[in-house]
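Sequences listed follow chains Z and W, in order. Residue numbers for the first sequence follow our numbering, beginning at 1277 and rising by one. Residue numbers for the second sequence follow our numbering, beginning at 1277 and rising by one.
Take the hints with a grain of salt, since some may be wrong.
Here are the computed lysine-lysine pairs in the DSS-like style, where the Cα-Cα straight-line distance is at most 25 Å [unchecked claim]:
(1) W/Lys1546 with W/Lys1490
(2) W/Lys1343 with Z/Lys1490
(3) Z/Lys1429 with W/Lys1567
(4) Z/Lys1490 with W/Lys1441
(5) Z/Lys1490 with W/Lys1567
(6) Z/Lys1349 with W/Lys1490
(7) W/Lys1436 with Z/Lys1343
(8) Z/Lys1441 with W/Lys1490
(9) W/Lys1567 with Z/Lys1441
(10) W/Lys1349 with W/Lys1399
(11) W/Lys1539 with Z/Lys1292
(12) Z/Lys1292 with Z/Lys1321
(13) W/Lys1349 with Z/Lys1490
(14) W/Lys1567 with W/Lys1526
(15) W/Lys1581 with Z/Lys1292
(16) W/Lys1581 with W/Lys1567
(17) Z/Lys1436 with W/Lys1429
(18) W/Lys1343 with Z/Lys1429
In case anyone wonders, no lab produced these hints; they're calculated from the structure. Keep in mind it's a predicted model, so treat the numbers as computed, not measured.
2 protein chains.
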Amino acid sequence: MKGGEQEFRFDTDHEKIFRQESSFSYLTGVEEPGCFLTIELETGKSVLFVPDLPMEYAVWMGVVYPKSYYEEKYGVEEVLFVDDIPAYFKEKNPNPIFINRGVNTDSGHTTMEATFDGIDQYKVDYERLFGDIGECRVIKTPQELEVMRYVAKISSEAHKQVMRKMQPGMMEYQLESLFLHECYARGGARCVAYTCICGAGHSGATLHYGRNNKRVEDDEMCLFDMGCEYQCYTSDITCSYPSNGKFSDKMKVIYNAVLACVKAVSKEVKPGAYWPDLHRLSERTMCEELKKAGLLQGDVDNMMKHFIGSSLQPHGLGHLMGLDVHDIGGYPGGAKRSAEPGLRNLRCGRHLEEGMVLTIEPGCYFVDAVLDPLLANPETARFFNQEMLATYRGFGGVRIE
Amino acid sequence: MKGGEQEFRFDTDHEKIFRQESSFSYLTGVEEPGCFLTIELETGKSVLFVPDLPMEYAVWMGVVYPKSYYEEKYGVEEVLFVDDIPAYFKEKNPNPIFINRGVNTDSGHTTMEATFDGIDQYKVDYERLFGDIGECRVIKTPQELEVMRYVAKISSEAHKQVMRKMQPGMMEYQLESLFLHECYARGGARCVAYTCICGAGHSGATLHYGRNNKRVEDDEMCLFDMGCEYQCYTSDITCSYPSNGKFSDKMKVIYNAVLACVKAVSKEVKPGAYWPDLHRLSERTMCEELKKAGLLQGDVDNMMKHFIGSSLQPHGLGHLMGLDVHDIGGYPGGAKRSAEPGLRNLRCGRHLEEGMVLTIEPGCYFVDAVLDPLLANPETARFFNQEMLATYRGFGGVRIE
Ligand SMILES: [Mn+2]
Ligand SMILES: [Mn+2]
C-alpha cells in the first residue's frame, strides 16, 4: 500500500495540509506523508517504509525521528526506509504481491497505486485487495464507532453554535468560518469531511453549493451541510432552519414533509433492509406529505412511476460513512447502480448489516433546472399545483441529516 | 496559459477548495477551474476558454452560465469552450505560440503547462513567457498594492485578536483556528498564504512548524507566523511575544536583537539596495547585539567570516511577495543563488526597485540540529558563551516580520 504524498500548490513551495489517504490511514494510522506499508499474509507481519529525511529537514520541519519512533507510534513490527523496498521484496520473494487498485464508485477516480523498481519481476494481483479493504472498512469496529461518535458530536456542537449566532445580514461564509473555528478550536478537528455548504435562500437549491458568498436575508431558509473530521474519520450533518428563527407556513410545509421522511426511514432502518427500498420509501413519503399539503396532486403510485419524488430529492437518501464521507463499498465487486432517476444518484445499493454507518438525509429542493423540464411535459406537469409551486421558486431547499 | 484544475482528495469525490494558479490569476482574475487563456500579441485580444459544463452541473453546482457572463465578469474580448482550442489555433495559425514553462526557484517545481491536441504542428517558444510574466509580477501596480494593503490589514487585525485571547494552557491550534476565523469571517479571506506556524516554546525553533498541536505553557516565547490571502494576494506576518504577556530578561535579549535587525535593515531598504547585502547587514547587526548581550563573544568580522549570524537566522532576511507568499522573480533569468550559508536560503538576489514588495523578517532561532555541529567545532564554538547559550536550548525562536 502506498500512503499519500505531500502536495504543493501548483509549482510553488506552498505545502498543503497533509491528510492521509483513507485506506492507508485505516491500516496504519500513519500521519506522515510519503510512506508505504506491506503486510506479510502468512505471518501478519507489517512493515512500514518511511522516507529517509535529510538532516536539513530538522531545521525547517522539526526533529528527524529514528525508525524506533515509528515502530512505537504505529505498532508495526518493522520500520525500513522507502529506498529499501526493492531489496525487501527481493529477500521475501512474495507470490503474488497484492496491490490496492480500484475505481471509487462515487467519483469514478482510480486509487493511487504502490509500485517500486523491479515490480514487473513479480506476479502481482491488482484485483483482490481493493474489494477486501472496502469490505473491511464497511463494517466498523467499536473503536471506530467511538471516534465517529466523537466527530459527530463536535460537528453537532458546532452546528448549534452557528444556529445561536445566525442573524440575517450575515454572510454565508461567516457562518462557515464559525463552524470551522468551533470544530478546530474546541474539537481539534483541523479538516472538514467536505467543503462546507452554507446555502441561505436560493443558494440552498444548489446541492453542492460551496461558494458561501451570499448575504443571508431575513426570512430565508438556511440549508447548512457541514461536517468535520478527526483522525480521518468523517461526519456529515445537515441542518435546515429559518434565518430569523421563525418558521413561516411555507417553510413548515417543506420542513415537516422532510421530517416525515426521516421518521419513516428511521423506523425501517435495520439489518437486512435494502437501502434502495428505503430510498424509495423516502420519496413516497415525500409525495404523500406534499400531496397532503396541496403542492402535489394525483395518485401517489402514479407519481412514483413518474419519479416525481426523485425530482424533488435529486440526491440519494444517504450513503455509507467512515474514513470518507462517501465511504467506500456502496457497490462492491463491480455492482452497478440502477439507471432509474433517484436510484442513479444513490451511493449505496446494499442490504444493511450490523456495524455499517450510513447517513439518512432526505431533502426537498426546488431546482429550476430540474423543475422546468417537468413542467414542460404534461405527463409530469399534472402532478404539480403550479400556482403553489411558483411560490417556492427561489426558496432553496430543506435537508435533514 | 492554463488555469488550475479542480483537485480531489485522492480517488474520492472530496473536492478541494479551488485556488487559482497565481500567474493565471494575475492575467485573468478567473476564479473557476479548468480554463485556458490566449492573448494575441499583435492585437492584444484575449480569449478565455471555459469548460463546457453539462446541464447536470446546474443541479449539483449551481447555474451553468452563458459565455457572456464570463466575458463581462473578466473583461476578455471573447469566450470560447476549451474544446474549441485546437480549431482556434488552426484558424489563427500563430508563429510562434508562447507557452508558460519554467522552474520556480523557491520550490524547484516546474509550472504546469498548457497544451492541446495538435500543438506539435506549431512552432512553440517555451522560454520567454515564464520570465516575462515573472518580471511583470515583480513590480506591483497601485491596484495590486491596494489589495495587498487590505490583506495585510486583515492578517494584522487577526494577529492582534490572537494576542488578546492568548493564555497559557491553550493549544497552539486554538490560536491558529482563531486566526483563520478572524481572517475569513471579518475579511472574507478563505485561504491562507501558507500553513499557519504557531510555535510556542521549543516548537518555535522549527522554521516551518505547522503541526500546532502543543500546549502553550506559561512563560514561553510564542512565534506565530500567519498570513491570509485575498483574491490570491498574500500576506506574511510573524509576531513573537511571551505566552503570559510579560517579557522575561532572557526573552528581551533576543527580541531586542531581532528588533535591532529590523531597524537596521529598514533604514537601508530603498531602490538600488542589493538584497543580499541587507541580509548580511541583518546578520551583522544580530552578532553585534548578541555580543553586547554577552551571548556571543569575539570579533564581529570574524563571526561573519564563520557565518555565526547565518546559523542563528537560518532563513533568509525576506523575500518578494505578491500572488505567492514566496513570489516569483527572486532569481530571474536562471540566476543562481550564492552557495554561502545564509545567502543560500535567501529567496531573492536582486537590487531593489520601486514597486517591489518584500518582507523584512529577521529572526533568531535556537535549533539543536544547527548548534550542535557548531559547538563541536572549536573554530566556531569559541564565539559562543556556552553557559549562557545552554539556557536558550528549548527556548525556540523570535522572528519579527
Ligand atoms: Mn451526506
Ligand atoms: Mn516570510
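(request) Check each numbered hint against the structure and report the violated ones by number, ascending. (result) Violated hints (numbers, rising): 1, 3, 4, 5, 7, 8, 9, 10, 11, 12, 15, 17, 18; every other hint is consistent with the structure.
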